[in-house]
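Trainee: In case you want the letters, here they are:
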Amino acid sequence: MRVNWRLTLLSYTFLAPALILLAVFTFYPLAYGSYLGFTEYGGARFAQGLPPRWVGLDNFRTLAADDLFRTSLLNSVKYLLVVPALQLASLAVASLVNNSLPGMAFFRAAYYVPVVTSISLAAVMWEWVYNKDGTLNWVLGALHLLPATGAFGWLNNEGSAFWAVMLVTFWRGFGYYMVLYLAGLQNIPAELEEAAVLDGANAWQRFWRITVPLMKPTILLCSLLSTIAALRVLEEVLVLTNGGPLNSTYTALMYVYFKAFQGFNFDYGLASAAGLVVAVVALALSVANFRLFRDSSGENS
Amino acid sequence: MSAVTQAPPRSVPQRRFRAKAAKRAGRYVLLVVILLFAVFPFLWTLAIALTDKRAGGSIYDFPASLFPKGLTLLNFQQVYQTFGLGQYVWNSISITAMTIVGTLVVSALAAYPLARFRFPGRDLIFAVIVATLVLPGETTFIVNTLTLQKLHLLGTHLGVVVPTVAGAFGIFLMRQAFLSIPQALLEAARLDGASELTILTRIMLPLTRPSLAALAIFTLVGSWNAYFWPMLVLSAAPDKVPLSVAVLKLKGQFNYDPFNIAAGSLIMMLPVLLVFLAAQRLFMRGLEGGVK
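Chains as they are written, first to last, in the numbering used here: chain S, 733 to 1033; chain A, 50 to 341.
No wet-lab data here; the hints were simulated from the structure.
Source: prediction; values computed, not measured.
Hints are not guaranteed to be accurate.
To give a feel for the contact side, a few chain S residues facing chain A, derived at Cβ under 8 angstroms [said to hold, decoys possible]: (1) 761; (2) 779; (3) 782; (4) 786; (5) 825; (6) 827; (7) 833; (8) 849; (9) 851; (10) 861.
Ideal placement from N, C-alpha and C gives every residue a C-beta, glycine not left out.
Kindly produce the complete structure, drawing on both the sequences and the hints.
Mentor: Dropping the structure here:
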């Protein structure tokens, strides 16, 4: 290829703002943050203007011995339970709205509204739903699913707070994945469905034998996205429970944030190390997700 | 006679029709149940925000609080005045406007050479931008706040905006749009002696207005709703926080008034809701593009 230097210079001039910003605010923090994970930095050291001090694996040893970190990592992993629920529900809802009954456009749009709701607003609204005197208890009481004395604050109870927060994640996510699945569903040729109907396949069989196999790429994409999002959950717990009660909703990224920015002893080194652990787990889960879906699609082909 | 012979064939389709209608009704019941799950919190917040609290009563008085007796806009006025919401509205507008302008400029500039020129390093740069989508950035917010502090941007709106404007999504979107413009148009402009910057601003951008609008709308919603990053950057500048952060602060105030908070939350949601209603097709299609 003959290089046109004028054009090359021009191209790089146009690309410069994006490249500089990406370098400074994405790649540099990735590299420097990883380095910080192996150093002592923050607190008094930072206040005195001293540079990070290399401590090798010390931070990771500290993390391994820290009950709070283990709890937080475990909670983050436990949070992955939202993934299958979210994916199954959004795929089912997508199938439900994937036809041209009157009013369907309205339902699709309405289901998407939680996606464009900010977490702050979601926090305000859901706290009223979860309140001891809130709507959830009222509905459960009206349906006689809850004894009159059984009303409690869903977010203040050690046993329920985790699930209550997860339901908000579910609420904010299902419209998003529904749209992704809807796009996938509309790519499925109608003839396939029709042929299956002629062959006497019922709706359930058609769903499992046609829809799910053909949707595998979309399912992979969506579960990958929601796995990583679930592992990194931070805002929901921050605004709804602040990690409580009794650390039952304390997640790994919350640990990173609190170690780095809360209290008097900003510990950037330890926080970065914790961030690295979460990043490694996220990468491993992505790889596992890929493997899982590639292997199972290999069986079908 | 004829009625008797005709009766059986009529009843079969009728039964089938009835089964179909029942199935359809069942489907709508399901749709409405999911609808309630999706929008109930909004409806309740709306009801609380519009309730005339002077009549007394608690928000937790079911089902009465879902159907307020007296409607009023007083709560909106009150929350706006007593909490000085105007300041936060301005903060949100300032941060969001800067983010949109920055994102559009940076994305369009970067996308143009990536879409239309061949130059050494292009594929590598493209790969690097793709990589940002998959790299786990759990520690970036720590280092970025340190960087902002060094640049004296911590606690400023610019500090919230600058790290967020260069993103793969915007660059991809604009690159796709630029790829669809016919080459002949560019050649003609070049023959007329137009510079590349002129071609970008006078030909490419006007022709890709729908994509620019889409990017602007997505950025608006994301930036207006953002909570964690602005909260972090502006933690030492409480006067500069956007609505998304301020609304949660209202909740912590000791003169906690749920009616006012509901009104404040809706003031915050309103722009996004309007944009969404106006551009919902675009939202759905923009996402669908990610799958195909």
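Trainee: Flag every earlier hint the structure violates by its number, smallest first.
Mentor: 2, 3, 4, 6
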